[in-house]
Structures are given as structure tokens and as C-alpha cells.
Amino acid sequence: MTIILLVLILGLGIYTLVSKDLLHGVIALSAISLLSALLFYILHAPDVAITEAAVGAGVSTIIFVWIIRHTERKDQQ
Amino acid sequence: MRNILLDTMQWFLLFSLLVCIIRMVTSKTASGKLVALNILSAVVLAFLVVRGVREARALYLDVALVYDIFGFLGFLAIARFLKDKIEYGSESDEGERER
Amino acid sequence: MIIREILALIAFALAIVFGVAGLTGLFRFPDPYSRLQAGSLLGTTSVLSIFIGTLLLAPNGAVAARIVIITLFFLISSPTGSHIVARFAWNIGFFPWRPSRKKKKKTGKKMSKKKESP
Numbered sequence: 001m002t003i004i005l006l007v008l009i010l011g012l013g014i015y016t017l018v019s020k021d022l023l024h025g026v027i028a029l030s031a032i033s034l035l036s037a038l039l040f041y042i043l044h045a046p047d048v049a050i051t052e053a054a055v056g057a058g059v060s061t062i063i064f065v066w067i068i069r070h071t072e073r074k075d076q077q
Numbered sequence: 001m002r003n004i005l006l007d008t009m010q011w012f013l014l015f016s017l018l019v020c021i022i023r024m025v026t027s028k029t030a031s032g033k034l035v036a037l038n039i040l041s042a043v044v045l046a047f048l049v050v051r052g053v054r055e056a057r058a059l060y061l062d063v064a065l066v067y068d069i070f071g072f073l074g075f076l077a078i079a080r081f082l083k084d085k086i087e088y089g090s091e092s093d094e095g096e097r098e099r
Numbered sequence: 001m002i003i004r005e006i007l008a009l010i011a012f013a014l015a016i017v018f019g020v021a022g023l024t025g026l027f028r029f030p031d032p033y034s035r036l037q038a039g040s041l042l043g044t045t046s047v048l049s050i051f052i053g054t055l056l057l058a059p060n061g062a063v064a065a066r067i068v069i070i071t072l073f074f075l076i077s078s079p080t081g082s083h084i085v086a087r088f089a090w091n092i093g094f095f096p097w098r099p100s101r102k103k104k105k106k107t108g109k110k111m112s113k114k115k116e117s118p
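The listed protein sequences correspond, in order, to chains A, B and C.
Quick note on numbering: the working numbering labels position 68 of the first sequence as 68, and the sequence is numbered without any gaps.
Quick note on numbering: the working numbering labels position 36 of the second sequence as 36, and the sequence is numbered without any gaps.
Quick note on numbering: the working numbering labels position 78 of the third sequence as 78, and the sequence is numbered without any gaps.
Among the hints, a few may not be true.
[What the hints assert, rightly or not] What follows is a set of in silico ranges between Cβ atoms, one per label pair, in the way DEER data are often shown:
id	chain 1	residue 1	chain 2	residue 2	range
1	B	Leu-73	C	Arg-98	50 to 58 Å
2	A	Val-48	C	Pro-99	21 to 29 Å
3	B	Glu-55	C	His-83	41 to 49 Å
4	A	Ile-63	C	Ile-3	47 to 55 Å
5	B	Leu-73	C	Asp-31	22 to 30 Å
6	A	Val-48	B	Phe-15	22 to 30 Å
7	C	Glu-5	B	Arg-80	41 to 49 Å
8	C	Arg-28	A	Lys-20	38 to 46 Å
Rather than coming from a laboratory, the hints here were simulated on the basis of the structure.
We put the beta carbon where it would ideally sit given N, CA and C, even for glycine.
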């Protein structure tokens with residue numbers, strides 16, 4: 001079960017790097033933090049999962065979106 | 001009987017999680033991704049609750065509640081940013097219809 | 001004890017049926033709006049029946065109370081999420097998908113008649 005989740009997180013990470021549009025990267029990052037909270041939960045660590053869910057899905061997504069709002073949305077290579 | 005039921009549900013939810021992520025990666029426009037994100041947090045929440053009942057400990061279900069609240073908060077932040085983006089003129093790839 | 005497990009079995013079977021329907025709908029529908037409907041079919045209905053199933057299987061009161069709270073908050077957050085996505089897609093300028101009748105009229109006149117008759 002954990003192997004599948006790790007492969008999914010890896011795939012989303014690669015997609016975040018590849019995607020041109022920054023917003024698609026932020027959405028993938030939010031999905032990564034959701035999945036990593038699930039991973040901690042499966043590995044019998046509920047308190048770590050709570051903090052990861054609170055920080056990853058909540059705060060870091062908001063900070064990334066806020067940054068994109070003030071800067072460019074498409075990154076020019 | 002009870003454990004078999006809960007285990008099959010876990011595997012089914014894991015399968016639909018995989019499908020949701022494939023949907024999220026392959027969709028071109030941002031609205032397709034937001035739909036996938038919304039479903040992804042719902043499926044992960046169901047997975048947490050099923051596994052919490054499987055281990056039968058009350059602490060495990062607090063994770064699901066916190067997870068739901070903050071997942072919804074993050075989703076609101078993304079959606080609200082996109083709403084402001086429309087006032088400044090939306091990007092080109094947003095307007096085209098997804099084929 | 002056995003009755004609760006059978007009821008939970010029915011609830012989980014219902015969740016699987018709605019889940020599979022939602023997943024296929026998620027891929028086949030051409031338009032963000034109809035895809036949203038299929039998605040909320042999967043994201044709200046099957047998850048709700050899973051919650052009902054787990055409520056039946058809950059071992060003690062503490063777990064059952066938490067499940068009820070989670071169900072209530074989930075019923076608030078998931079539909080509003082779908083509503084926000086639909087409004088955002090509408091503001092951007094996505095037009096709902098409309099089947100294009102005109103092209104078939106010229107070429108497939110007989111074929112379309114045959115389709116309607118049986």
C-alpha cells in the first residue's frame with residue numbers, strides 16, 4: 001500500500017517540475033501534501049499526519065498561491 | 001467479516017485515488033484540475049475514516065477532521081486566487097474549450 | 001451484530017457502484033460542468049455511503065460521534081467546493097457542451113432516421 005502512494009507522490013513531483021503553468025504546479029503540490037499526510041497516517045503516525053495535513057494542505061498552498069498572485073503566472077524558460 | 005469489508009473498501013478507495021490523480025495530471029485547463037483536487041480530498045478523507053474504523057482508535061479520526069478542514073481551506077485559496085485572476089484578464093489557455 | 005454488518009455491506013456495495021459510475025463519468029464527459037456532476041457523484045454520494053457504512057461498523061461511541069461530526073462537515077465542504085469550481089469555470093467563459101446537430105443533418109440523413117425508428 002505504501003509503495004503505491006510513494007510512486008504517486010513521485011509522479012506528482014515530476015509533473016510539478018515539468019508543468020509550464022505555475023498554477024498547475026501549485027495544485028500538484030497541494031495534492032502531494034495531501035498524499036504525504038495520508039502516507040504518515042498509514043504508517044501509524046496520526047499526530048505527524050495531523051501536522052502535515054494542517055501545514056501542507058492549509059498553509060503552504062495558501063502561501064504558494066499568494067506568491068503567484070503577485071508574480072508571473074507563466075515561467076519563461 | 002468486518003475486517004474483510006473494511007479492507008476491500010480501502011483497496012477500492014486506493015484505486016479511485018489513482019484514477020483521480022491520472023485525471024488531474026492529464027487535464028489541460030485549471031478547472032479540470034480543480035475538479036480532480038476536490039474529489040481527491042473527498043476520497044482521501046473516506047480512506048482515512050475507513051482505516052480509522054479499521055484500527056478502532058478515536059485519535060485516528062481526529063486526523064480526518066483536521067484534514068477535511070484544511071483541505072477545504074487550501075482549495076478555497078486556490079479558487080479565490082483564480083477568481084481575482086479573471087478581473088485582470090484571464091490567460092489564453094483558460095478560455096479555449098478542452099477537447 | 002450480524003444485521004449491522006449486512007447493512008454495512010449494502011452501504012459499501014452502493015459506494016462501489018456510485019464510485020465506478022463517477023470514475024467512468026469523470027473521463028467520458030466532454031465538459032467541465034458535466035465532469036463536475038460526475039465528480040460530485042463520486043466525491044459526495046459514494047463517500048457519504050461509506051460514512052454511513054462505517055457508522056454502522058463503529059466499535060464504540062467515541063468513534064461513532066467523530067464520524068457524525070466528519071460527515072456533517074464534509075456535507076458542507078464538498079458541495080461548496082463543486083459550486084466554487086462551477087462558478088469559476090463560468091466566469092472564465094467556458095460554454096456548456098452542446099451536441100453539434102448541424103453536421104449530421106447533411107450527410108447522415110438516412111442514418112439518423114434509422115436511429116430514431118427502433
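Evaluated hints:
1. Between Leu-73 (chain B) and Arg-98 (chain C) the beta carbon distance is about 36 Å. The supplied range of 50 to 58 Å is therefore violated.
2. Here the CB-CB span from Val-48 (chain A) to Pro-99 (chain C) is close to 50 Å, at odds with the stated 21 to 29 Å.
3. Taking the beta carbon of each, Glu-55 (chain B) and His-83 (chain C) are about 34 Å apart, not inside 41 to 49 Å as hinted.
4. Roughly 50 Å separates the CB atoms of Ile-63 (chain A) and Ile-3 (chain C), a value that falls within the hinted 47 to 55 Å.
5. For the hinted restraint 22 to 30 Å between Leu-73 (chain B) and Asp-31 (chain C), the CB-CB distance of approximately 28 Å keeps it satisfied.
6. At roughly 26 Å, the beta carbons of Val-48 (chain A) and Phe-15 (chain B) sit within the given window of 22 to 30 Å.
7. As the Cβ distance of Glu-5 (chain C) to Arg-80 (chain B) is approximately 44 Å, the hint placing it in 41 to 49 Å holds.
8. About 27 Å separates the C-beta atoms of Arg-28 (chain C) and Lys-20 (chain A), a value inconsistent with the hinted range of 38 to 46 Å.
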